[in-house]
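*Asks:* Read off the chains here:
There are 2 protein chains.
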Amino acid sequence: MAKKPNAFYAQSGGVTAVINASACGVIETARKVPDRIGKLFAGRHGILGALQEDLIDTGKESAEAIRALRHTPAGAFGSARYKLKGLDENRAEYERLIEVFKAHDIRYFFYNGGGDSQDTAHKVSLIGEQLDYPIICVGIPKTVDNDLPLTDCCPGFGSVAKYVATSTREAAFDVASMARTSTKVFVLEVMGRHAGWITAACGLAADKPGQAPHILLFPEIPFQQAAFLQRVQQTVEEKGYCVIAVSEGLRSPDGQFLSDSGLRDAFGHAQLGGVAPVIANLVREHLGYKYHWAVADYLQRAARHIASKTDVAQAYAMGKAAVQFALKGHNAVMPTIVRESSKPYRWSVGMVPLSEVANQEKMLPSDFITPDGFGITPKCRRYLEPLIAGEDYPPYKKGLPDYVTLKNSAVPKKLKSEFKM
Amino acid sequence: MAKKPNAFYAQSGGVTAVINASACGVIETARKVPDRIGKLFAGRHGILGALQEDLIDTGKESAEAIRALRHTPAGAFGSARYKLKGLDENRAEYERLIEVFKAHDIRYFFYNGGGDSQDTAHKVSLIGEQLDYPIICVGIPKTVDNDLPLTDCCPGFGSVAKYVATSTREAAFDVASMARTSTKVFVLEVMGRHAGWITAACGLAADKPGQAPHILLFPEIPFQQAAFLQRVQQTVEEKGYCVIAVSEGLRSPDGQFLSDSGLRDAFGHAQLGGVAPVIANLVREHLGYKYHWAVADYLQRAARHIASKTDVAQAYAMGKAAVQFALKGHNAVMPTIVRESSKPYRWSVGMVPLSEVANQEKMLPSDFITPDGFGITPKCRRYLEPLIAGEDYPPYKKGLPDYVTLKNSAVPKKLKSEFKM
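Chains as they are written, first to last, in our numbering: chain A, 130 to 550; chain B, 130 to 550.
Next comes chain A alone, as it looks inside the complex (with noise of 0.2 Å):
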C-alpha cells in the first residue's frame, strides 16, 4: 500500500476560547481517514514551525487529550502574530514552506486564523501551482473580532461575546447596588480595533430599553465628547448610574486613538494602552462622578470557562468540513457559517473561495447602530443573540477548569538548512 500524504496545521494570530476546538475537529477528522491522510502536524508557533520546519506530531498526542483541546482556550500547539509578505516581495519564504512541505510529503495545508492568514493560505496554493507542487489548501476562519467576509459569523467571536455580555451584566448589576453613595459610572473596556461587534456584544446584556449598557462606544462612530458626557449625565440623572462599554479602537473625530490621548507616566512617556481610564477620567474633570473601569484584555479572549455552545459547536465544524474539503479535493477555499434562519436559529457550513476572503474587514453595518451612535438596533440584536446561546462547561479539578497541555512532540528534522526569519 502506498504512503499516505500527510497534512499540516496551524494555529495563526490572536488566540480565542475555541480556536482549540476547530484543532480538534480537524485532528478528529483526519484521525477517522488514515487511508487518505497519514501524519497530521501541527506547526509550532503557527507558520513558524513550518518556516523552521519545527513541526509537532499530533499523532503522539492520546485521543483523550485531542478530545479535550475542544474545552480549552488558547493555541494548544502555539501561534503567531507573523504575516507572510506578498509572493514578489518574500518569495524565499513561500518556496521555503513549499520546500518543508515536501520534505515531510505534506499535501495538506490547514490554516485557522483571521484575514492575514486566509490571504497567506491562498498565496500558498497559488505557488504550491506555480512550483507544480500539489497541495491543497484550506483556511479555517478564527478570529474574536468578527470581521471576516462571507461567513455570517467567526469562530471565537460568540464566545467573547456570551463573556463581554455577561461581564457588563455582572458589573451593571453591582454599580446599581452601589450608585447611591458610591460609583455612579462604570466603565469596560473591550476588544475590536477597527470593528464593533465586541462592543455590541456588551448591549445584550440589557434585557429591556432602558437597562444598562447606556452606552457603547463603538471604533466605527468617531467619539463626540460633548453628546457622550450629556448622555453620561442624563442617565445618571435619570437611572442614579451610569454603564459604558468601550472599544479600545474608539477615535476621536481627528482619527486618533483615544487610548494615545496624551497619558503620560512619571518619566513623560505615552502610556499605551488603556481607553477604559480615558473615558473614565474626562467623566470625572467634566461630571464629578465616582467611577470604576475594567479592562478585560487577554481574559475576554481567553474565558473558555463560559464560552458560547454555539461558538464551540461552530469551530469544532469549521475544522471538521476544512477537512471534509480537503478530501474532496476543494483547493483554496474556506468553510463558512451559514445562517439559514435566526428564530428559530438554523445555521449549515458553506464555503467560498480564498481569493474571496482575504484582506477584507467586515464592519458593523451602519441599521446594527442605533442613530445617536450609542446603542444596538433589534436588527443587531437578532444578528447577535443566537451567537452566545448555550452553555458549554469544561471539565473543572480543584476549583479550577481542567485544561490540557498537550505533549507537542518535535518530528525530526529532514532538512538540513535552517530559515532565517
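Some hints here could point you the wrong way.
Identical chains share a label here; the pair holds if one copy fits it or two copies do between them.
As a list, the in silico DSS-like pairs of lysine-lysine whose alpha-carbon atoms are at most 27 Å apart [what the hints assert, rightly or not]:
(1) K419 / K168
(2) K491 / K189
(3) K419 / K214
(4) K526 / K438
I should point out that these hints are in silico values taken from the structure, not numbers from a laboratory.
Keeping the supplied structure of chain A fixed, place chain B upon it in accordance with the hints.
*Replies:* Using the frame of chain A, we list chain B on its own:
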C-alpha cells in the same frame, strides 16, 4: 395573638457575588418562623434605608424571587458605603435608627457587611441597651477581601478567588500561545487594597511549581523594583513568557501606592487607579518586552457566573445562622465559618461576639508568602483550595445568566421627620 416583632436586614459596603445568597438565607429562614418574626424589612441602600425610613417590604417578593437571590450577584436591595461615626461623635444617627426601628416595631437587626459594619451592628446593640429599646443585633460576614478576623474565611472571597484563579489560568494559556512573536508579559490587577488574599488566590492557577502565574505582587510586601524586574527577565528567558498578578494596593517601600505613582492625563491631572499599567510600563521601560495588562475591577466581585459552590453555601449558611442565633436570643454576635479540616474539607458554623470582630483586618500571614515575596506557600494553597471548590452555575436565558431584580416595594413611612444625612 400578639403581633410579632419585625426584623430589619441591610447590605453594607462593596457588594459581592454571594451577598444576596446571605440575604436569601436570612429571608427564607425568617419566613419559616412566622410565629416568631412578623415582617422582614430590608434597607434600601443599606443603612441609609433605616436612617431615612426608606424600608423595603421583602414580604412582597415571591418565594421564587427570593430563591433566585441565591444565584444573583451584587446587592438586591442596594448597598451603601456609609460608616456611622462613634456613639459620642454622632449619637443622633444611632438615636434615629432606634426611632425608626421603634416606629416599625423592628426588634431584630441583621447587618451584612465587613469590619466597619460589624462595628456598627455592635454599636446599635449598645445604644439599644442605653435607650432601653430591646433589639437583637446580629452581624453577617461579607467581604471579598477576606480580611475579617475570627472567621476562617469570608463569604464573597471564595468566588472572587475562583474567578481570579480561573482568569489567571486562562490568560496564561493565551500568553503562552502568543509569546514567541508577540506578548511576553501579562499583568492582571486584582482587588485587595490592604490584604493580599485575592492576589494569593491567583497563585492557585499554577497546578505545578513553575507554572503561571510566575510573580505575585502582594500589598503586604513593599515593591522591590530591581528584584521584580530581574525575576521578570529570568522568567521570560526560561519560560518564554511571564504572567504577573498584582494587588491594586501594591506600595513602594516609602509607602506610596504604585497606582498613584505619577501617571498624568493630557491636562496634567493624576490618573487614578490602575497599578497594572504602571507595572507593565516598568517592564517596557527596563526590559522592552511586549506586554498586555488587564484590570478586572468589578468584574471579579460580580462574577456570579463562576461562583464557588463552597462560597455560595457558606454565604447562605451565614444568613440562615444569623436568624437562628437571633431567635435564640444571642445579641451582638456574628456567625463564623469554622474550618474543621482541610483534606477533606469540612466546616461548621461558629459564633463570635461583635465586640471582638470590629475594626480588625486579617492580613495574609507571612508563612503564606514564599521567602522571595513573589509566590504562595503550600500552606497557603491548602488554605485556599477548598474555598474555590465546586461550581454553582446560575440559570441562563437567551445565552446570559438570568439574575433577578426584585420589586423592592416601599413600606409606608410612619415618621413625620426627615433625617438629614
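*Asks:* If a hint holds in the structure, say so; if it does not, say that too.
*Replies:* Hint check results:
Taking the shortest Cα distances, K419 and K168 never come within 27 Å of each other, neither inside one copy (59 Å) nor across copies (35 Å). When the C-alpha separation of K491 and K189 is checked against a cutoff of 27 Å, the pair qualifies neither within a copy, at 39 Å, nor between copies, at 49 Å. Taking the closest pair of Cα atoms, K419 and K214 come within 27 Å of each other only across two copies (22 Å); inside a single copy the shortest separation is 48 Å, beyond that limit. In this assembly of identical chains, K526 and K438 lie within 27 Å of each other by CA distance both inside one copy and across copies; the values are 21 Å within and 13 Å between.
Violated hints, listed in ascending order, are 1 and 2; each of the other numbered hints is respected by the structure.
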